[in-house]
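*Asks:* Please build the complex by placing chain G on the supplied structure of chain L, with the hints as guidance.
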Amino acid sequence: MSLVAENKSAVTQNLLEQLQKNSSKIAFMPDTEIVSAIRILEDKGIPNNKHEDYKYCNIEAVLRKEFKTVEQSFNELTNADIAPLKIEEAINLVVVNGNYNEALSEKMIVKGLTVKSLNELSSSEKGLLSSQAKSDTDALIALNTAFTGNGLFLQVDKNNIIPMPLHVIYVNSGNSSNVTNTRNFVNIQASAEVTLIESFYNIGTAKVFSNFVSEKFVGENAKLTCYTFQNEGALSYSVNTNQVKISKYSNYTNNTFTLSGELVRNNHNVVLADSNCEAHLNGLFISNGTQSVDNHTLIDHQMPHCESNELYKGIAKDKSVGTFNGKIFVRKDAQKTNAYQSSKNILMSDDATINTKPQLEIYADDVKCSHGTSTGKIDTEALFYLKARGIGDESARKLLLQAFAQELIDKIEIPSLQERVLHLFEKAL
Amino acid sequence: MANEILEEHINKDYEWGFTTDIAADEAPKGLNEDIIRFISAKKNEPEWMLEFRLKAFRNWQNMVEPEWAHVSYTKPDFQDIIYYSAPKPKKELASLDEVDPELLKTFAKLGISIDEQKRLSGVQSNIAVDVVFDSVSVKTTFKETLAEKGIIFCSFSEAVQDHPELVKKYMGMAVPPTDNFYAALNSAVFTDGSFCYIPKGVRSPMELSTYFRINASGTGQFERTLIIADEDAFVSYLEGCTAPQRDENQLHAAVVEIITHKNAEVKYSTVQNWYPGDKEGKGGIFNFVTKRGICLEDNSKISWTQVETGSAVTWKYPSVILKGNNSVGEFYSVAVTNNYQQADTGTKMIHIGKNTRSTIISKGISAGFSNNSYRGLVQIKKGASNARNFSQCDSLLMGDKCGAHTFPYIEIKDRSAVVEHEATTSKIGEDQLFYCKQRGIDNEKAIGLIVNGYCKEVLNKLPMEFAVEAQKLLAISLEGSVG
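Protein chains in written order, with my numbering: chain L, 1 to 429; chain G, 1001 to 1483.
Just so you know, not all the hints are guaranteed correct.
[What the hints assert, rightly or not] Some chain G residues judged to face chain L by a derived CB distance under 10 Å, without partners named:
#, residue
1, E1033
2, I1036
3, N1371
4, K1382
5, G1383
6, S1385
7, G1399
8, K1401
9, G1403
10, A1404
11, Y1409
12, S1426
[Stated by the list, open to error] Lysine-lysine pairs mimicking DSBU-like chemistry, simulated, CA-CA at most 30 Å apart:
#, chain 1, residue 1, chain 2, residue 2
13, L, K55, G, K1472
14, L, K368, G, K1279
15, L, K317, G, K1413
16, G, K1354, L, K319
17, L, K86, L, K411
18, G, K1282, L, K332
19, G, K1427, L, K368
20, G, K1348, L, K344
21, L, K344, L, K427
22, L, K368, G, K1401
23, L, K368, G, K1348
24, L, K377, G, K1323
25, G, K1445, L, K65
26, G, K1348, L, K319
27, L, K332, G, K1445
28, L, K248, G, K1427
29, L, K344, G, K1381
30, L, K344, G, K1323
31, L, K332, G, K1456
32, G, K1472, L, K368
33, L, K134, G, K1401
34, L, K55, L, K65
35, G, K1413, L, K336
In case anyone wonders, no lab produced these hints; they're calculated from the structure.
None of the values given here were measured: they were computed from a predicted structure.
All C-beta atoms in this analysis are idealised placements derived from N, C-alpha and C, irrespective of residue type, glycine included.
The following block holds chain L by itself, in its conformation from the complex (with noise of 0.2 Å):
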């Protein structure tokens, strides 16, 4: 027992030392916090499959073989690289390897909103950090609260709504292991509007480990839609943690795709945290390979009369393997919720694997909740038909998969979001 122990704890300290060689003081981070958060990583360790939440999801083992060295190690990266990553209808903002690049950077004025980086902050703002995202509930938190990057603030003042979607530009470009703690907090204030488009690329030439944590709160009355694209490509592994509070008549709207990435891990943690608002979490992954794609969501019921909704769909091909795990609470108080959740997957393979475990905890009695899952193969029915009016086996299966798929990609408002996505689930397939 006691040797399993050691060697636990033995790669979060592997990680823990690596990183401090190369990590400088983070000044809008008070020094409790971070102390505290190195405590909590030493305690907890490193999430391994052991871990209830991480079942699905051995980040120790990834790190223990992948990452036994971080070298912190990066390309500079100019205009021409990003170029390509950006989005035409909108904002474009870039954050490299963990730290918001001004530079690179779209320019513009917007009443209402405030584009900063972490460093930049006021003291009042800086009190908002860690006020979502807390150290003690996952050690990975924890690990990107002590060593975070100098990441992006994004503000939208009282009552204005912007009228262009703000598109954010994640990207690594380590030419050694490297592990990057990217962080942002987007604080969207009373009846404000805005729709945010988070997308994560990997240009680098070597492996990263990428532990990304966003707090986002919505006030009271506001609106965020939010697109996350992920497009990281073999040799980056990644944890992207979603801690989002929202407040009275808001509405919270995530759209996730996941295109490629070797281990992708989402956690998207949302609380409902006064009456009448509404959450709803969609996503869609195709993944081949020796792909794991993890899908995490919690939706935190704390006050009455709220919905959320949440749909998931999936295509695991080759060897990879598809999650999905999805918890709704409700508490006590929280009379009245209407929670839904479904997650639907297709295996098109005999070596590949689904993992479902949608949860319900729930500890009020006037609530409508509901889950259903499903998994199988295409539907050979279907198939026959297709292929009866003279279309060929193997367009017939895409165009299956694509019908399958197509309520998800129907939801992107932006056209060329939606093309990109479009086209690179297509080349998937």
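*Replies:* Structure of chain G alone, referenced to chain L:
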């Protein structure tokens, strides 16, 4: 209104909470190799049985008590339990007349003496009962009638003496002694239980039944049931249980194993009504049970039906390993928790063979301050082509201080598998209640009606006699929990 009815229900006592004054032959408290040797010697067991126990015990010592279940309780002190308690006098009983009259009265109170009486008066009944009192089998009825068909139905200790080859071959096949903490504990200290073997091509002419009762205080009950259905055999098996009302928590850690051969079918039904503790949550049974069946060969079928109304803490997952091709696994469950009861129950369906099918229907009802969780695993192994699973878990909440949870795990490694799972949580609909009341059915009865309708899918699977008992139990457990 709601409060009134709730009050009434909360004041409702456990009906089976009496104790019986029977001198018991007990082992000293505590657990060590000597106690295990003592139990083994008491039961006059062969050497291999003792070895099995000791091996399990040594394994158990290195195991940690599991903590993953969604329940909280003070862990039992394993050194403070009496591991062997047998009612005295313990001699071979030839007829019912020789049974301690106190014991008979107990069974009369439990309402299970009818069959015995019928048997005595020469009236045929269709249930054979094995009664296990404080872990020791007291009396098995209809043994002779069954023997004519070649069916072996006896206490586990008798089986060890009379059919060692069968016990040796099958014991530990579905639940190995190293399986989990409580299964290992059971394997080390089990005192008795039931054994049932249905030979090739035989359909059991009657339902077989075991009745478990914990009587002595400070004891734990560790019984073991082993059911084997040979080729083309069929049996329907019933299990019932009660315990006296005590302030302490008593531990019940049983093991049930079912093995089916080619084309065989076993239907196992349980009405579990251990003492759930009082309305403050004091006392009650810890029910930590391992139940598992293996569809060993092709075309076999195992079906679990359970109605869970008792126990302070339940931790129970009747499972089926679908090894043979075309084999079928079923799990139908109604779990009711009230007051401070906690239940974490569900099933595991492991698909290994081709064209295997499984169905899971789970209905949870929570009231009072209780917590009721469904935890299930559906696993489709690689090569289990055309496997099919359908799961449905519904929860009904009564009152705003209880909780209902679902933790389904679904792991699929075969592309031809089709797996569906759905779960809902809700309360009794106002409109349903209104509809009943409009037709002159009072609140209480309307709730009973709706709950029974809600559980119908499961209750329908119970054998007739049990269905009646189960419906009565449901009504008692839930009387007026909602206004």
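*Asks:* Each hint needs a verdict: does it hold in this structure or not?
*Replies:* For each hint, the structure was consulted:
Checking E1033(G) against chain L: minimum C-beta separation of about 22 Å lies over 10 Å; hint violated. A hinted interface residue such as I1036(G) counts as satisfied when its beta carbon comes closer than 10 Å to some beta carbon of chain L; here the least separation is about 24 Å, so the hint is violated. Because the smallest distance between the Cβ of N1371(G) and any Cβ of chain L comes to about 9 Å, under 10 Å, the interface hint for this residue holds. Because the beta carbon of K1382(G) sits about 6 Å from the nearest beta carbon in chain L, less than 10 Å, this interface hint is met.
Given the 10 Å rule on beta carbons, the hint for G1383(G) holds: about 8 Å separates it from the nearest Cβ of chain L. Taking 10 Å as the C-beta contact cut-off toward chain L, the hint placing S1385(G) at the interface holds, the least distance being around 8 Å. With 10 Å as the threshold, the beta carbon of G1399(G) comes within range of chain L, its nearest partner Cβ sitting at about 6 Å, so the hint holds. Hint status for K1401(G): holds, given a least beta-carbon distance of 7 Å to chain L, under 10 Å.
Below 10 Å, beta-carbon pairs count as interface contacts, and G1403(G) has one with chain L at about 4 Å; its hint therefore holds. Because the beta carbon of A1404(G) sits about 5 Å from the nearest beta carbon in chain L, less than 10 Å, this interface hint is met. Checking Y1409(G) against chain L: minimum C-beta separation of about 5 Å stays under 10 Å; hint holds. Checking S1426(G) against chain L: minimum C-beta separation of about 6 Å stays under 10 Å; hint holds.
Only pairs whose Cα atoms come within 30 Å are accepted, and K55(L) paired with K1472(G) is rejected, the gap being roughly 41 Å. With a CA separation close to 28 Å, the supplied pair K368(L) and K1279(G) stays within the 30 Å bound. Of the pairs offered as hints, the one joining K317(L) and K1413(G) holds, with about 11 Å between alpha carbons and a cut-off of 30 Å not exceeded. A C-alpha spacing of about 21 Å is found between K1354(G) and K319(L), which places the hinted pair at or below 30 Å, so the restraint holds.
Restraint check for K86(L) and K411(L): the C-alpha separation of about 20 Å stays at or below 30 Å, so the hint holds. Between K1282(G) and K332(L) the alpha-carbon distance is near 24 Å, which keeps this suggested pair within the 30 Å criterion. Taking the CA atoms of K1427(G) and K368(L), the gap is near 8 Å; set against the 30 Å cutoff, the hint holds. This hinted pair checks out: K1348(G) and K344(L) have alpha carbons roughly 21 Å apart, not beyond 30 Å.
In summary, the hint linking K344(L) to K427(L) is supported, as the alpha carbons are separated by about 21 Å, within the 30 Å threshold. Straight-line distance between C-alpha atoms of K368(L) and K1401(G) comes to about 16 Å, which keeps the hinted pair within the 30 Å bound. Taking the CA atoms of K368(L) and K1348(G), the gap is near 26 Å; set against the 30 Å cutoff, the hint holds. Between the alpha carbons of K377(L) and K1323(G) the distance comes to roughly 22 Å, so the proposed pair stays at or under 30 Å and holds.
For the given pair, K1445(G) sits about 63 Å from K65(L) by alpha-carbon distance, which is inconsistent with the 30 Å threshold. With a C-alpha separation of about 25 Å, the suggested pair K1348(G) and K319(L) falls inside the 30 Å cut-off, and the hint holds. For the hint pairing K332(L) with K1445(G), the CA-to-CA distance comes to about 28 Å; that is within 30 Å, so the pair holds. Straight-line distance between C-alpha atoms of K248(L) and K1427(G) comes to about 25 Å, which keeps the hinted pair within the 30 Å bound.
The suggested pairing of K344(L) with K1381(G) holds, with an alpha-carbon distance near 19 Å, which does not exceed 30 Å. With a CA separation close to 27 Å, the supplied pair K344(L) and K1323(G) stays within the 30 Å bound. Only pairs whose Cα atoms come within 30 Å are accepted, and K332(L) paired with K1456(G) is accepted, the gap being roughly 29 Å. Proposed proximity of K1472(G) and K368(L) is supported: the alpha carbons are some 28 Å apart, at most 30 Å.
Among the hinted pairs, K134(L) with K1401(G) is consistent with the structure: their alpha-carbon atoms are about 28 Å apart, no more than 30 Å. Annotation: proposed proximity of K55(L) to K65(L) holds, straight-line Cα distance about 18 Å (limit 30 Å). Under the criterion of a C-alpha separation no larger than 30 Å, the hint pairing K1413(G) with K336(L) is inconsistent with the structure, at around 38 Å.
Figure legend: structure checked against the earlier numbered hints; hints not met, in rising order: 1, 2, 13, 25 and 35.
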